[in-house]
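Asker: Chain by chain, the residues:
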Amino acid sequence: KNEVEQSPQNLTAQEGEFITINCSYSVGISALHWLQQHPGGGIVSLFMLSSGKKKHGRLIATINIQEKHSSLHITASHPRDSAVYICATHSYDKVIFGPGTSLSVIP
Amino acid sequence: KAGVTQTPRYLIKTRGQQVTLSCSPISGHRSVSWYQQTPGQGLQFLFEYFSETQRNKGNFPGRFSGRQFSNSRSEMNVSTLELGDSALYLCASSIKTGRSSSYEQYFGPGTRLTVT
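Residue numbers (the numbering used here), protein chains in the order written: chain A, 21 to 127; chain B, 4 to 119.
A few of these clues could be false.
[What the hints assert, rightly or not] Label-pair distances were calculated between CB atoms; the ranges are:
1) S89/B with Q29/A: 22 to 28 Å
2) Y112/A with E55/B: 39 to 45 Å
3) Q21/B with T95/A: 47 to 53 Å
4) K60/B with T32/A: 37 to 43 Å
5) H93/A with Q20/B: 17 to 23 Å
6) F63/B with E25/A: 20 to 26 Å
7) T41/B with S50/A: 36 to 42 Å
8) S122/A with G65/B: 49 to 55 Å
9) G6/B with S50/A: 23 to 29 Å
10) Q21/B with I80/A: 43 to 49 Å
11) L14/B with E87/A: 38 to 44 Å
12) T32/A with S89/B: 29 to 35 Å
13) Q29/A with L14/B: 17 to 23 Å
[To be verified] Sample of chain B residues with no beta-carbon within 10 Å of chain A, all distances over it, derived:
14) R33
15) R66
16) E107
These aren't lab readings, by the way, just hints derived from the structure by calculation. Virtual Cβ for every residue (Gly too), placed ideally from N, Cα, C.
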């Protein structure tokens with residue numbers, strides 16, 4: 021069983037839709053990291069959170085430590101949001117990445 | 004402020020050779036992490052350095068090593084290259100944002116290594 025799982029694996033949305041990407045993990049962590057990777061492009065760190073919720077522009081990330089679950093929400097999605105979204109768990113001695121969710125937003 | 008830079012950007016090596024990749028973090032960042040990304044395994048953590056000391060190491064063989072210099076620049080070395088080492092190697096520099104487990108991380112563009 022993968023230690024970090026993401027769902028869905030692939031997601032196609034119409035421009036303007038509200039999008040949710042889920043991340044679940046099986047071990048205790050100190051923080052959870054959401055990353056964005058554009059095709060052929062580099063990786064951008066979106067959020068690092070250890071509790072509650074964080075918001076930046078149209079992006080919102082939440083985490084439930086007890087349920088070992090985090091969600092990344094995109095409001096009013098736009099084609100430029102098309103990318104792979106990756107969650108990663110940080111614990112004392114290691115970082116484990118999820119497999120990523122490939123998002124395509126259609127105009 | 005300049006971002007994280009990695010050199011070289013592309014590299015082709017032959018099986019059995021060794022390679023050294025370089026990473027210059029954002030000025031003022033003392034933590035540098037290295038990651039490997041492949042289509043099959045996705046992103047995997049290699050190691051983290053802070054103030055010239057290796058803090059954490061991922062599950063990679065001893066052929067993978069790294070170091071950090073006093074100016075926070077970091078290098079990683081892979082010896083006796085294997086075909087499976089072909090990957091995008093990413094470096095990221097980090098700075099704490101005040102809370103114990105919260106920090107900002109910035110990724111470099113990566114070095115694309117091809118082993119033939």
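Asker: Indicate, hint by hint, whether the structure satisfies it.
Answerer: Consistency of the hints with the structure:
1. For the hinted restraint 22 to 28 Å between S89/B and Q29/A, the CB-CB distance of approximately 24 Å keeps it satisfied.
2. Our hint of 39 to 45 Å for Y112/A and E55/B is violated, since their Cβ atoms are close to 20 Å apart.
3. Distance hint check for Q21/B and T95/A: the Cβ-Cβ separation is about 48 Å, which falls inside the suggested range of 47 to 53 Å.
4. A hinted range of 37 to 43 Å for the beta carbons of K60/B and T32/A is consistent with their spacing of about 38 Å.
5. Remark: the range hint 17 to 23 Å for H93/A to Q20/B is contradicted by a beta-carbon distance near 46 Å.
6. With their beta carbons about 22 Å apart, F63/B and E25/A fall inside the hinted range of 20 to 26 Å.
7. Taking the beta carbon of each, T41/B and S50/A are about 26 Å apart, not inside 36 to 42 Å as hinted.
8. Under the hint 49 to 55 Å, the C-beta atoms of S122/A and G65/B, about 34 Å apart, miss the expected range.
9. A beta carbon spacing of about 26 Å between G6/B and S50/A agrees with the range 23 to 29 Å that was offered as a hint.
10. The hinted range of 43 to 49 Å is satisfied by Q21/B and I80/A, whose Cβ atoms lie roughly 45 Å apart.
11. The supplied range of 38 to 44 Å is met by L14/B and E87/A, whose beta-carbon atoms lie about 43 Å from each other.
12. For T32/A and S89/B, the Cβ-Cβ distance of about 30 Å falls inside the hinted range of 29 to 35 Å, so the restraint holds.
13. For the pair Q29/A and L14/B, the beta carbons lie near 31 Å from each other, so the given range of 17 to 23 Å is not met.
14. Distance to chain A confirms R33/B as a non-interface residue, since its nearest Cβ pair spans about 17 Å, more than 10 Å.
15. Distance to chain A confirms R66/B as a non-interface residue, since its nearest Cβ pair spans about 19 Å, more than 10 Å.
16. A Cβ of chain A approaches the Cβ of E107/B within 10 Å, the least distance being about 7 Å, so the stated non-interface status is violated.
In this structure, the earlier hints numbered 2, 5, 7, 8, 13 and 16 are contradicted, and the remaining ones agree with it.
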